[in-house]
Amino acid sequence: MNNQFSKIKNFFKGWHEKKITLLLITGGVGVLSTGFAQDWWKSVLISFANEVFHTHIQYTEEPTNYVYLTIATLVGAGLIGLGLWFYFKTKEKAKKQTMLQIRHSSIESVDYSKVDVDLSDYNIEPYPILQSEELKVLKEPNLHHALREQEKTVTKILQRIDGNADIELSYWGLAHIPLLFLLGYQLADKSNSSFFEWNQNKLRWEKVKEKHVVYPPLKIEKTDSKQSVEETKEVVVKIGVTYPVNDTDLSGLHLDSLNSFYLHLEPPHRNAIVCKEQLNEYQKRFRQLLDEINQTFPQLERIHLFYSGQPSLAYRLGSSISPRMDKEIWVYNYVGLSQPKYNWAINLKKIGNQIDIKLPGGELL
Numbered sequence: 001m002n003n004q005f006s007k008i009k010n011f012f013k014g015w016h017e018k019k020i021t022l023l024l025i026t027g028g029v030g031v032l033s034t035g036f037a038q039d040w041w042k043s044v045l046i047s048f049a050n051e052v053f054h055t056h057i058q059y060t061e062e063p064t065n066y067v068y069l070t071i072a073t074l075v076g077a078g079l080i081g082l083g084l085w086f087y088f089k090t091k092e093k094a095k096k097q098t099m100l101q102i103r104h105s106s107i108e109s110v111d112y113s114k115v116d117v118d119l120s121d122y123n124i125e126p127y128p129i130l131q132s133e134e135l136k137v138l139k140e141p142n143l144h145h146a147l148r149e150q151e152k153t154v155t156k157i158l159q160r161i162d163g164n165a166d167i168e169l170s171y172w173g174l175a176h177i178p179l180l181f182l183l184g185y186q187l188a189d190k191s192n193s194s195f196f197e198w199n200q201n202k203l204r205w206e207k208v209k210e211k212h213v214v215y216p217p218l219k220i221e222k223t224d225s226k227q228s229v230e231e232t233k234e235v236v237v238k239i240g241v242t243y244p245v246n247d248t249d250l251s252g253l254h255l256d257s258l259n260s261f262y263l264h265l266e267p268p269h270r271n272a273i274v275c276k277e278q279l280n281e282y283q284k285r286f287r288q289l290l291d292e293i294n295q296t297f298p299q300l301e302r303i304h305l306f307y308s309g310q311p312s313l314a315y316r317l318g319s320s321i322s323p324r325m326d327k328e329i330w331v332y333n334y335v336g337l338s339q340p341k342y343n344w345a346i347n348l349k350k351i352g353n354q355i356d357i358k359l360p361g362g363e364l365l
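Going letter by letter, the sequence shown gives residues 1 to 365 in UniProt numbering.
If you're looking for bench data, these hints aren't it; they were derived computationally from the structure. Possibly wrong hints are sitting among the right ones.
[To be verified] Straight line, CA to CA, 20 Å or less: simulated PhoX-like cross-link-like pairs of lysine-lysine: (1) 211 - 284; (2) 114 - 202; (3) 327 - 349; (4) 136 - 358; (5) 233 - 358; (6) 284 - 222; (7) 152 - 350; (8) 358 - 327.
A quick note: this is a predicted structure, and the numbers were derived from the prediction, not measured.
Turn these sequences into a full structure, and let the hints guide you.
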């Protein structure tokens with residue numbers, strides 16, 4: 001069904017140019033047909049039949065108007081030629097939009113050619129961020145190497161989109177949560193963006209829809225009485241979109257005494273992101289929460305962020321964080337079988353700044 005829709009969409013694309021081309025060629029064929037509609041061809045057919053089949057058909061030949069035939073041929077052929085010229089001229093001038101395809105992979109490698117939409121309108125420039133090898137074994141040097149690789153690619157992307165507002169930045173991510181937030185934070189909505197999510201059931205990339213689709217609201221739960229406003233220097237922010245983020249999952253991080261804020265769906269569920277409007281709305285809600293926290297706690301120094309959700313939303317939330325307005329933010333990575341379950345974290349920094357790493361559970365040998 002999607003392939004059929006893409007074919008129909010491609011057919012109607014450039015419809016005005018196609019109508020002009022069709023009009024010119026149809027007009028040319030029509031003029032040619034009037035020239036050849038004279039009776040001269042009847043004499044040719046009758047002569048052929050009499051010769052081959054030994055018939056004795058009588059036919060009184062009328063003189064051919066060769067002047068009219070010549071004019072009709074020239075005009076008709078000219079219109080057809082003009083139509084073909086116009087078609088190829090407009091086709092050559094049709095400029096494809098550039099898509100910078102960020103292929104972010106630190107969890108698993110997938111086939112980026114399998115996608116649910118037609119991308120033939122784009123000149124695709126792939127920008128791979130491959131970190132799977134570095135993150136097979138949890139060690140601080142490996143994490144630093146993965147961060148350096150990501151920074152190199154982000155630097156190239158920023159240079160590529162600088163001053164080019166017509167470039168579409170497209171995110172295709174299967175990476176660890178801290179790396180997703182970091183990428184969004186460092187790129188910070190610098191360009192028109194699109195998002196693709198990996199469908200594990202269909203084994204293909206699916207574009208987050210541009211059109212409106214009904215989606216659930218984010219709810220908020222606050223636990224803000226553990227510390228007074230004056231003494232609060234650190235808070236916990238939890239975001240549960242795909243799965244719930246339970247307080248018990250934070251065991252071993254020594255954050256129990258901090259005030260916490262929990263944005264979540266009711267209930268959280270897989271494949272929750274259905275449209276781009278939803279990404280925008282959830283990003284707005286997250287930004288409002290950060291503003292509320294900043295305004296409520298004047299002594300705030302640090303936010304500990306825990307996230308369960310899809311890569312596109314993580315990227316988008318990261319892009320809404322501001323080094324000018326927000327305090328230090330640490331983003332934690334979840335591994336269900338580790339102890340503690342959030343076994344490493346990084347603080348968000350812009351390009352060129354040293355990123356710190358925490359390993360609450362220690363390195364894995």
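Results for each hint:
1. 211 - 284: 18 Å, holds
2. 114 - 202: 10 Å, holds
3. 327 - 349: Satisfied, since the Cα-Cα distance of roughly 11 Å is no more than 20 Å.
4. 136 - 358: 17 Å, holds
5. 233 - 358: 19 Å, holds
6. 284 - 222: It holds: about 18 Å lies between the C-alpha atoms, which stays within 20 Å.
7. 152 - 350: Measuring from Cα to Cα gives roughly 12 Å; hence the hint holds.
8. 358 - 327: Measuring from Cα to Cα gives roughly 17 Å; hence the hint holds.
Violation of the numbered hints given earlier is absent; every hint is satisfied by the structure.
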